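Residue numbers (our numbering), protein chains in the order written: chain Z, 1 to 546; chain V, 1 to 468; chain S, 1 to 159.
Each hint should be verified, as a subset may be incorrect.
What the hints assert, rightly or not - Each computed SDA-like pair below joins lysine to any residue, with the alpha-carbon atoms no more than 25 Å apart:
id, chain 1, residue 1, chain 2, residue 2
1, V, Lys377, Z, Asn134
2, Z, Lys133, S, Ser123
3, V, Lys133, S, Leu122
4, V, Lys185, S, Tyr42
5, V, Lys185, S, Asp74
6, V, Lys192, Z, Ala90
7, V, Lys185, Z, Gly40
8, V, Lys185, S, Glu4
9, Z, Lys3, V, Pro193
Hints listed in this document are in silico derivations from the structure and should not be mistaken for laboratory results. As the structure is a computational prediction, the values presented were derived from the model and not from experiment.
Next come the chains, spelled out residue by residue.
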Amino acid sequence: MAKIIMDGQEYEVSDGISVVQAAAEVGVTIPHYCYHPSLGAPANCRMCLIELTPPGAPGPIRQLTTACTTRVGDGMEISNSAPRVKQARATTLQFLLAHHPLDCPTCDEAGECFLQDYAYEFGHDRSVYQEIKNVPPRKSLGPTVDLFTTRCIVCTRCVRFTEEISGGAEIGLMHRGVHDEIDVAPDKPLDNKLSGNVVDICPVGALVSKDFLYRSRPWFLTKKPSVCNRCSKGCNIHVESREGEVARLRPRYHADVNDFWMCDDGRFGYEYVNSPDRLRLPALRKDGELIPAGWRELLETAAEKIQALGGEQTAVITSAWMTNEELYAVKRLAEEGVGTERIGLFEGPVEDEDEVFPKFVIERDKNPNRAGAELIFGDGLKTAAEALDGAKAAVFFGGIPGAPLDDALMDRLTALEYLLTVDILPSALTEAADAAAPGTAFTEKEGCFTNSAKRVQRLSKALPNLGNALAEWQFAAYLANALGANIEYESAAQITDDLASTVAAFHGAVDEAIDWRGFCLEEKTDGGEAEETAPENWAYASRFWR
Amino acid sequence: MGKPKERRILYENIDAPDMHTLDVYRRHGGYASLEKLFDLNAEQLLDIVRDSGLRGRGGAGVSAGFKWNLMGQGEPKYLIANADESEPGTFSNRYILQHKPHMLIEGMIIAAWSLGVHKAYVYVRGEFTLGKKRLDAAIQEAYEAGILGESVAGHDFALDIYTHAGAGAYICGEETGLIESLEGKRGQPRVKPPFFPAAIGVFMQPTMVHNVETLSNLPYIINNGTEWYQSLGAVYKDTPRGVDPMNTGTKLYCVSGHVEKPGVYEVEMGLTVRELVELAGGVRGGNEVKAVIPGGSSAPVLTPYELDVPVDFTCLQMAKTMLGSGGIIVMDETTCTVRALENLMDFYAHESCGQCTPCRVGTPWTRDIVARIEAGKGRPGDVDHLIEVANNVANIDTFTWNTICVFGIAVSWPAVSFARKFRPEFEAHIEQGKCVTLPVSEAVAPPEENYAWPQELPEVERKPTWDY
Amino acid sequence: MAFEFTPERLAQFHELLTHYPEEHARAAMLPTLHLAQEQNGYLSQDVQAYVAGLLGVSEAQVLDVVTFYPMFFDAPVGKHIVRVCKTLSCDLCGCREIIEHIKERLEVDFDETTEDGSVTLLSSECLAACDQAPVMMINDDLHGRLTLERVDELMDALE
Numbered sequence: 001m002a003k004i005i006m007d008g009q010e011y012e013v014s015d016g017i018s019v020v021q022a023a024a025e026v027g028v029t030i031p032h033y034c035y036h037p038s039l040g041a042p043a044n045c046r047m048c049l050i051e052l053t054p055p056g057a058p059g060p061i062r063q064l065t066t067a068c069t070t071r072v073g074d075g076m077e078i079s080n081s082a083p084r085v086k087q088a089r090a091t092t093l094q095f096l097l098a099h100h101p102l103d104c105p106t107c108d109e110a111g112e113c114f115l116q117d118y119a120y121e122f123g124h125d126r127s128v129y130q131e132i133k134n135v136p137p138r139k140s141l142g143p144t145v146d147l148f149t150t151r152c153i154v155c156t157r158c159v160r161f162t163e164e165i166s167g168g169a170e171i172g173l174m175h176r177g178v179h180d181e182i183d184v185a186p187d188k189p190l191d192n193k194l195s196g197n198v199v200d201i202c203p204v205g206a207l208v209s210k211d212f213l214y215r216s217r218p219w220f221l222t223k224k225p226s227v228c229n230r231c232s233k234g235c236n237i238h239v240e241s242r243e244g245e246v247a248r249l250r251p252r253y254h255a256d257v258n259d260f261w262m263c264d265d266g267r268f269g270y271e272y273v274n275s276p277d278r279l280r281l282p283a284l285r286k287d288g289e290l291i292p293a294g295w296r297e298l299l300e301t302a303a304e305k306i307q308a309l310g311g312e313q314t315a316v317i318t319s320a321w322m323t324n325e326e327l328y329a330v331k332r333l334a335e336e337g338v339g340t341e342r343i344g345l346f347e348g349p350v351e352d353e354d355e356v357f358p359k360f361v362i363e364r365d366k367n368p369n370r371a372g373a374e375l376i377f378g379d380g381l382k383t384a385a386e387a388l389d390g391a392k393a394a395v396f397f398g399g400i401p402g403a404p405l406d407d408a409l410m411d412r413l414t415a416l417e418y419l420l421t422v423d424i425l426p427s428a429l430t431e432a433a434d435a436a437a438p439g440t441a442f443t444e445k446e447g448c449f450t451n452s453a454k455r456v457q458r459l460s461k462a463l464p465n466l467g468n469a470l471a472e473w474q475f476a477a478y479l480a481n482a483l484g485a486n487i488e489y490e491s492a493a494q495i496t497d498d499l500a501s502t503v504a505a506f507h508g509a510v511d512e513a514i515d516w517r518g519f520c521l522e523e524k525t526d527g528g529e530a531e532e533t534a535p536e537n538w539a540y541a542s543r544f545w546r
Numbered sequence: 001m002g003k004p005k006e007r008r009i010l011y012e013n014i015d016a017p018d019m020h021t022l023d024v025y026r027r028h029g030g031y032a033s034l035e036k037l038f039d040l041n042a043e044q045l046l047d048i049v050r051d052s053g054l055r056g057r058g059g060a061g062v063s064a065g066f067k068w069n070l071m072g073q074g075e076p077k078y079l080i081a082n083a084d085e086s087e088p089g090t091f092s093n094r095y096i097l098q099h100k101p102h103m104l105i106e107g108m109i110i111a112a113w114s115l116g117v118h119k120a121y122v123y124v125r126g127e128f129t130l131g132k133k134r135l136d137a138a139i140q141e142a143y144e145a146g147i148l149g150e151s152v153a154g155h156d157f158a159l160d161i162y163t164h165a166g167a168g169a170y171i172c173g174e175e176t177g178l179i180e181s182l183e184g185k186r187g188q189p190r191v192k193p194p195f196f197p198a199a200i201g202v203f204m205q206p207t208m209v210h211n212v213e214t215l216s217n218l219p220y221i222i223n224n225g226t227e228w229y230q231s232l233g234a235v236y237k238d239t240p241r242g243v244d245p246m247n248t249g250t251k252l253y254c255v256s257g258h259v260e261k262p263g264v265y266e267v268e269m270g271l272t273v274r275e276l277v278e279l280a281g282g283v284r285g286g287n288e289v290k291a292v293i294p295g296g297s298s299a300p301v302l303t304p305y306e307l308d309v310p311v312d313f314t315c316l317q318m319a320k321t322m323l324g325s326g327g328i329i330v331m332d333e334t335t336c337t338v339r340a341l342e343n344l345m346d347f348y349a350h351e352s353c354g355q356c357t358p359c360r361v362g363t364p365w366t367r368d369i370v371a372r373i374e375a376g377k378g379r380p381g382d383v384d385h386l387i388e389v390a391n392n393v394a395n396i397d398t399f400t401w402n403t404i405c406v407f408g409i410a411v412s413w414p415a416v417s418f419a420r421k422f423r424p425e426f427e428a429h430i431e432q433g434k435c436v437t438l439p440v441s442e443a444v445a446p447p448e449e450n451y452a453w454p455q456e457l458p459e460v461e462r463k464p465t466w467d468y
Numbered sequence: 001m002a003f004e005f006t007p008e009r010l011a012q013f014h015e016l017l018t019h020y021p022e023e024h025a026r027a028a029m030l031p032t033l034h035l036a037q038e039q040n041g042y043l044s045q046d047v048q049a050y051v052a053g054l055l056g057v058s059e060a061q062v063l064d065v066v067t068f069y070p071m072f073f074d075a076p077v078g079k080h081i082v083r084v085c086k087t088l089s090c091d092l093c094g095c096r097e098i099i100e101h102i103k104e105r106l107e108v109d110f111d112e113t114t115e116d117g118s119v120t121l122l123s124s125e126c127l128a129a130c131d132q133a134p135v136m137m138i139n140d141d142l143h144g145r146l147t148l149e150r151v152d153e154l155m156d157a158l159e
């Protein structure tokens with residue numbers, strides 16, 4: 001720890017971090033645009049200027065210093081509010097706004113724009129710029145991102161992101177001086193799986209997501225922390241929704257999982273949640289057709305059928321896209337309700353290799369909770385095909401949009417005497433089922449995924465269940481009880497605690513212990529040598545990451 | 001005590017036929033320093049350079065010895081000769097490259113040996129086609145003669161020198177901009193700290209960057225000794241804190257503009273602006289001086305009231321301007337100072353690298369205001385507005401800049417000094433709505449309104465006598 | 001046809017690479033672009049892609065450099081490049097008259113190429129030859145102490 005004095009107040013902060021980070025740690029904002037803790041610091045925006053007195057110096061140094069490039073040192077004195085600091089920031093804003101179009105009323109960023117915020121907090125209340133403004137045209141940088149060039153403040157965060165994090169260096173700074181423009185080379189668009197991140201790091205409304213453009217003012221969005229479901233990495237995200245629909249997904253900082261980033265597969269992979277085709281009502285096959293029915297009827301007929309065909313002849317197919325809690329409820333359904341050892345895992349694709357970027361990895365396993373399923377079911381977990389081999393009936397939990405069901409599995413499932421599906425979108429399988437129950441998408445779930453590094457991470461319920469849909473854990477408990485079991489859960493959190501007390505691998509992972517940074521089931525193993533770890537940016541993220 | 005006159009050391013024999021070739025250079029005593037050099041170790045050489053008082057000729061005037069002392073310990077180390085001569089009004093390096101390239105090579109060998117460098121670059125301005133050709137040929141000759149390469153002049157010391165051509169960016173004359181450019185990027189200066197080149201320079205290694213003229217002094221210092229070098233030029237005493245009193249050696253003054261005989265004048269430092277103008281044949285047609293820029297276009301301009309200030313590092317600093325690169329631009333009574341400033345601001349607006357906010361926006365903004373005034377579209381209050389905008393890029397009164405590099409102050413120095421010192425002419429443009437060139441007596445703000453007045457010059461410890 | 005260095009220039013390029021540490025091939029960017037421009041006249045998209053490939057950088061990183069430095073051309077230029085200095089010392093010595101004259105004579109403005117494709121006229125910042133003001137460069141050669149007559153002689157020689 002280092003002792004610093006800021007504006008006359010003494011603080012203890014972490015060693016070796018930038019003054020911007022240190023100030024964030026103690027709850028002070030030092031305004032900045034170009035600096036981002038996960039990228040190199042070019043100190044080009046000149047917004048974070050502070051007055052610095054190095055340790056032991058008789059007084060402040062003459063030049064103002066950039067807080068982003070200054071590392072804290074014991075005994076350092078900082079003024080974040082000296083008159084000349086305030087004046088420097090006000091003039092920097094004056095320069096930044098000189099060519100700015102001031103088109104906040106039509107700008108996507110309005111409401112979460114650092115130019116707006118800092119202009120309000122640190123800027124002048126009127127413009128003295130009377131010369132001609134630069135008006136470079138809007139342009140497309142790639143399939144996901146547009147550039148409103150006039151709004152750009154040339155902080156080069158996006159340039160550095162493509163150089164340092166995604167590695168393709170597709171974005172460059174072109175021309176010189178006041179004609180500086182962010183651009184891509186002709187025929188070399190920004191087209192990589194991390195492209196959406198440049199929109200997040202743009203501190204102003206210059207880079208916009210084509211997906212989100214003009215979709216909503218940010219203040220109308222409800223923002224819930226959650227976890228991405230597109231691979232086993234488990235990127236921390238925020239689900240931002242409006243009027244029952246997902247409006248956008250954005251990465252949430254996690255020092256050990258995804259830093260500030262997420263991939264486009266996850267970011268833009270939410271459309272199915274908003275699909276108008278989503279299953280909303282339980283349905284039963286009557287006279288060859290699936291007819292909407294009540295839950296009681298569905299559960300009773302399902303129990304009858306399963307009992308008639310024999311529990312041990314019934315397969316329970318669970319999914320690698322279900323939460324730990326759902327999986328555990330399904331486990332109890334299989335063991336205590338159905339009474340079967342035919343438990344199989346249905347899963348989404350697994351690629352041959354991880355997609356590796358200089359500072360980000362998209363994992364090859366496209367299932368968010370394989371680790372959870374394997375830990376919860378242990379050796380009893382079979383493949384779906386194994387579980388179905390010789391079975392007469394099945395309860396099939398799907399919930400994986402667009403997951404390929406190979407023909408052999410499809411044939412086997414449709415050939416069953418009784419098939420109950422729990423899924424979120426209609427498919428050939430749900431159409432062929434004897435009973436089709438609506439389930440929940442990840443944005444509607446409560447509970448946790450366990451990522452490939454065995455970190456249990458919490459989802460939050462960002463959207464209500466659709467129609468009459470039941471959470472899968474609830475459905476599993478009801479069905480088990482219809483089959484004579486006695487499972488009483490009132491919330492997913494109860495299951496979390498139950499799981500922690502009954503499955504050894506989850507020991508300690510009680511609901512209370514799982515915060516928004518997750519819970520590690522395995523302590524990180526040190527490779528012997530102490531690895532040099534980057535300073536963590538939780539304080540920074542909570543202050544500056546929107 | 002004689003009148004100031006030229007004393008050619010670096011420029012000695014620069015006009016000799018084929019001076020750019022090894023043979024002729026050697027015939028005139030070239031490479032003699034290598035006889036002594038390898039008997040001296042790094043410590044001794046650091047002492048020699050420090051004691052000589054040699055100051056960097058590129059603009060900042062930092063003591064070369066001070067800079068050498070900061071050189072980092074990492075390996076490899078690099079040496080870069082800055083031949084990106086682009087400061088308006090400066091043209092002495094051009095002729096060194098064209099006519100005496102071996103002198104630069106000799107100076108680089110001395111610096112390289114002293115600093116433990118085995119790889120050196122000369123960053124040559126892209127437009128210096130002849131200079132680069134001659135330097136390339138000279139390097140080739142030096143390799144063939146065993147002066148460069150595996151074993152420099154037969155000693156156990158390897159040195160390679162490469163030339164690297166720029167491509168037309170003034171900012172690459174800033175040493176960290178140059179380093180970025182040498183690394184194949186846009187020439188955007190680095191943030192200092194942490195990137196002081198002596199510690200973290202090109203390829204993130206310790207790097208010494210010197211101007212061509214600075215390096216060219218080294219052979220003569222080695223040949224003739226510290227005492228000889230100290231005896232040249234002017235030394236002052238009791239200078240305020242932060243003002244280096246040493247102005248040893250000769251300076252290559254580049255005099256241009258409205259003088260009878262523009263050119264490079266190599267003179268011991270200590271003569272006044274007025275004397276230097278006289279040395280260059282006086283103002284053309286016997287006209288009256290209106291303004292003199294004493295150190296390249298970035299240096300604050302001097303009015304006729306301020307011409308008795310010696311053109312050296314110390315005195316010009318105390319007169320709130322600078323010797324900079326030694327480019328002296330003389331403007332006579334026919335000059336419109338608004339137009340002159342517009343010209344300069346146009347230059348800076350074109351050359352701002354655009355990296356940091358105040359300079360990227362403030363420089364063209366300043367230009368636009370001056371252009372408006374010159375075009376007769378000035379508004380009341382524009383002069384103060386101009387001064388304010390320029391001072392927001394870099395404040396000339398507090399000598400602080402909000403920019404990454406000193407380009408910021410290089411913009412506001414001329415802008416604010418012209419606007420303040422020639423305020424009546426600026427105001428006349430605004431009042432009359434057109435370009436008006438006032439007579440000198442009316443164009444210049446009264447001296448008591450001049451922010452740099454009265455001049456407080458330091459006491460002389462030693463000055464040249466010009467008795468030769 | 002995609003651009004490629006001639007064998008001689010490719011050899012020159014490989015020699016250039018030896019000037020810089022192996023892991024810093026990008027440092028050869030400016031000299032390589034000069035070499036490519038020498039061969040092709042300007043740095044087309046093709047040329048830039050080729051240079052990016054040679055140096056192991058992205059095309060954006062090449063375009064970034066090409067657009068920063070005024071001596072690199074990303075569009076075709078005339079057979080001759082005329083750069084007229086317009087900075088202060090030349091301005092004091094009458095470069096505006098010279099510039100007007102050249103513009104009229106060539107019937108082009110700055111940054112334009114004559115209709116016959118023979119001359120591209122550029123303005124230049126201080127060419128560091130202020131003692132010879134006003135000055136201009138025609139291709140690689142500097143010409144100083146310009147007068148209207150001298151300019152005409154030089155222009156005549158171009159055609």
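Against the structure, the hints come out as follows:
1. V:Lys377 x Z:Asn134: Holds, at roughly 20 Å.
2. Z:Lys133 x S:Ser123: holds, 23 Å
3. V:Lys133 x S:Leu122: holds, 23 Å
4. V:Lys185 x S:Tyr42: holds, 19 Å
5. V:Lys185 x S:Asp74: Roughly 17 Å separates the two Cα atoms, so the pair holds.
6. V:Lys192 x Z:Ala90: holds, 23 Å
7. V:Lys185 x Z:Gly40: Distance of about 16 Å is within 25 Å: holds.
8. V:Lys185 x S:Glu4: holds, 22 Å
9. Z:Lys3 x V:Pro193: Since the Cα atoms of Lys3 of chain Z and Pro193 of chain V sit roughly 21 Å apart, the hinted pair holds (cutoff 25 Å).
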